[in-house]
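Asks: The primary structure of each chain is shown beneath.
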Amino acid sequence: MTDDTFTTPREPQLIALNVNGEQHEVITEARRTLVDVLRHELRLTGTHVGCEHGICGACTVLVDDRPVRACLMFAAQAEGARIRTVESLADGSRLSDLQRAFSEHHALQCGFCTPGFLMLAEGFLAERPEATKEEIREVVAANMCRCTGYQTIVEAIDACATARRRACAQACHSKEN
Amino acid sequence: MTRQEQGRPLVGRSVPRREDRRLVSGRGRFVDDIALPGMLHAQFVRSTVAHGEIVSVDLSAVRRVPGVVAAFTADDLAIADITAQLGRPRSQFVPTAMPVLARDKVRYVGEPLAIVVGLDAYAAEDGLEAAHVEYAPLPPVLGEETALAEDAVLVHAEAARNTLVDVSLFATEGIDDIFDAAHRVVEVDVTTGRQNALPLETRGAVAHWDDREEQLLLQTCTQVPHQVRTVASRCLRLDERAVRVVVPDMGGGFGQKCVVGREEIAAAAAALRIGRPVKWIEDRKDALSASFLAREQHYRARAAFDADGRILALDADVVCDMGAYSCYPFTAGIEPLMASAEMPGVYKVPAYRVRGRAITTNKAPTAPYRGVSRPQYVMVVERLFERAARELGLDPVEIRRRNVITDFPYTGVNNITYDPGSYLESLNLCERAVRDEGWYDTRTAAAAEGRHIGIGYACFSERTGYGSSAFAQRKMQVVPGFDISEVRMDTSGAVTVTTGTMSHGQSHETTMAQIVADTLGLDIARVRLHQGDTDRVTYGWGTFASRSITVGGSAVRLAAERLGDKLRAIAAALWDTEPEQVELADGHVRRRGGDGARDVLTHQEIADVAYLRADLLPKDIEPGLTATATFDVFNDGTFSNATHGVVVELHQDTGQVEILRYVCVEDCGVAIHPQVVEGQCRGGIAQGIAGALYEEVTYDAVGEPSATSFMDYKVPTAHEIPDVSIHHLETPCAFTATGAKGAGEGGTIGAPAAVLNAVNDALRPTGTELDHTPITPQTVHRALNPEPVP
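Taken in order, these protein sequences are the chains called G and B.
The C-terminal position of the first sequence is numbered 177 in full-length UniProt numbering, with every residue numbered one higher than the one before it.
The C-terminal position of the second sequence is numbered 790 in full-length UniProt numbering, with every residue numbered one higher than the one before it.
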């Protein structure tokens, strides 16, 4: 869409989205949000919708590596960006360390908010691998969970960050030797 | 899945959850993830007035909106009403019908009036904007005072003074004399705010008619699939076999989804009419304003004490604002009847009198919400003890010590028999934990600096495992209680187990599998749970009232034991020995005392004989490997118990209540999966804190709900919810098949009382005591910064 094109909210338009490393072309109304297009057009239903007004964070995905509320963004606005959803975390059937940490710490019960927290943590830890537990708690406070009371979510992310730092330190150490 | 360690039972161990892999991978299947060919999307035209006659509903413009496929009013669909019943005289209970779509009258803002079906949810919402509804407004009834007035406007014409339930119970003989003669009488007047259970996944359903099965397939997120099937078949006038209810993964429920929703029935009716699948997903605004709410209660209570602080009598008047309709199947009696029956709680109360009322108002209707009245009456009783302690100069823990039930079984003044628990032990352990961490010293030191730190406790029990007899005592006409389980082994030796309970975060795929794997000596990976499908599961009451492990888990255990008996019988026949000589363990079937290769078989080898070589079976053993068992509780249920200890600091400048420490000592009998129990505690406590400090649905003067987004309905986050340290005690239940007691609701029950007591402790120097939740910063600020007296 160029700046001089007037598009009504209902008018279908062709947009290109890069999701989890795959390029997709979608014909969709201009008014459709990114989360609706991910879920209903691309059938990536791992990203959930909890409030549609940007508070609960269940729809959190990464847009150019940064956590974003996919309910507050039109799909058309995500053209040209790299989008990552929860479906990208596992390597085939092998869960990522972050996913395993959530399971080990019982950081999910019903699992509805979980994809949002996973993507929030995935983005945050990539940006700030040295995050303290208090900083992690601050970030976890961005999203809502109704089941866990948050403690185990904080613990899971902290454990994952700690393990990554330890692995990194060992790798650096063995390189030096 | 981890292998079982040799000989070590799985029950009692925090094995990896079966649910997790799909849920952390985004591969769960929630109701909004379902897409069917030709599927349409529904939204509801909802009332914009709190109370009024419906003059007209005009959908002609709706039907012209691009993308709208159909729109129906109540008259178009002619669905039968939903009416929940209690078997009580009209002086105690007034039945009221809940139309699936409002017909003559609207009774709250958000009440569904018409269903609009579009090509997608956007189009359906476009359609809503074109609806034209004309009302003849009536004065809204928005609170106890207006509802109970002599000349009150009536929400339901049949319910005089807007009273749906009015019961007076127990009234121990001579109770007035006890109050008159008592050394001390203390009183409280407690009110609690209206709350939303708020599952993060809103309600929703996908309905379509399956021509091949000649059946309506209703996929809906409900805690009570068989109840939805019954109501759908009656409302839609179908044979019950022609309705199949299937529950996908559920994003929480907490009670809001344990009643039948009008919208799921309306969506099914629309799908039948149009002949295409119809999906309805509630948006958050509707979930906040028009879904089932809970907890708005008012207690006027007093208690008589002797000079030693022993309680002599309890007298309470409870009014529950149940909103516009009675929920199915529980009725508007759910809150007042729970409060009335169980209020004496963990204390030895010799005399008791209670009046419990449900009033109907022009607010969104109510449903059970995790804890059901217990968060409120525990708060009231704990407040009475705190106040008595103050007036009698006793330590608040000591006064509880003198009054908690210590000899079990104990039959209370409320005619309920309590099975053994650890009331005193939990109280002592909790206090010691708080004391050993130095919080009493911290409180003293803080006071010297002019800071406001308070310590509060709540000691309580929670009846779980309600059987048919307990629900029948409420005079419900639909009496929940029992559960049925079927365990089936296939020719590979793998097991499918069914339960009538419905996990929505409680980990039943894991915990029920633990029970079966232990009973049959199988690897847990070979056990799979089926739930939430009315065609696969014979019957069941669903998940509520902390019944799943107590009742459902017991049925599962008994069915597995029966299947185990059959496996042993077949093996014994093959070995020409007695079944008692056969043991099932570590993935094998063994002959006791034998150590040769011929003394060990696999489950598969037995299953092979049961199905493929039935010719080898003795005459008295039928082919196949299935076993069914039912379980019910014929006494008053089993009581979990806990003590919560909370330390708060009140901030002078902001009125903020900061929780510095939260300690929970819980006893739910045998914990099948300790990590899951702790998760239930922490999650419950978070919801209890939410009710104590943050969440409330309020209405303005015309009945418009004031919180329709998360900007106004303040759900606490990781900022507000503290870490909780949990200590476990274990008093096994004598009559559940696993020794487990329920663990689902306790956290929510204890938190409001403990937090309120802690806040009042911190306010002690000010002389102010608070008796309303949520406790707002404004209230605390006012208490800490009183207007100077001129």
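No lab work stands behind these hints: they were computed from the structure.
For clarity, every value in this text was computed on a predicted model and none was experimentally measured.
Be careful, since some hints might not be right.
To be verified - Each pair of labels, with its calculated beta carbon distance range: (1) G:A16 / B:G38: 24 to 34 Å; (2) B:L119 / G:G54: 22 to 32 Å; (3) B:Q652 / G:R164: 52 to 62 Å; (4) G:R164 / B:P16: 20 to 30 Å; (5) B:A35 / G:A16: 16 to 26 Å; (6) B:G594 / G:A171: 51 to 61 Å; (7) G:T132 / B:G38: 17 to 27 Å; (8) B:T602 / G:S93: 19 to 29 Å.
We put the CB at the ideal spot given by N, CA and C, even for glycine.
Asks: Now tell me if each hint is right for this structure.
Replies: Checked hints:
no., hint, verdict
1, G:A16 / B:G38: 24 to 34 Å, "holds, 28 Å"
2, B:L119 / G:G54: 22 to 32 Å, "holds, 26 Å"
3, B:Q652 / G:R164: 52 to 62 Å, "violated, 42 Å"
4, G:R164 / B:P16: 20 to 30 Å, "holds, 21 Å"
5, B:A35 / G:A16: 16 to 26 Å, "holds, 22 Å"
6, B:G594 / G:A171: 51 to 61 Å, "holds, 53 Å"
7, G:T132 / B:G38: 17 to 27 Å, "violated, 52 Å"
8, B:T602 / G:S93: 19 to 29 Å, "holds, 27 Å"
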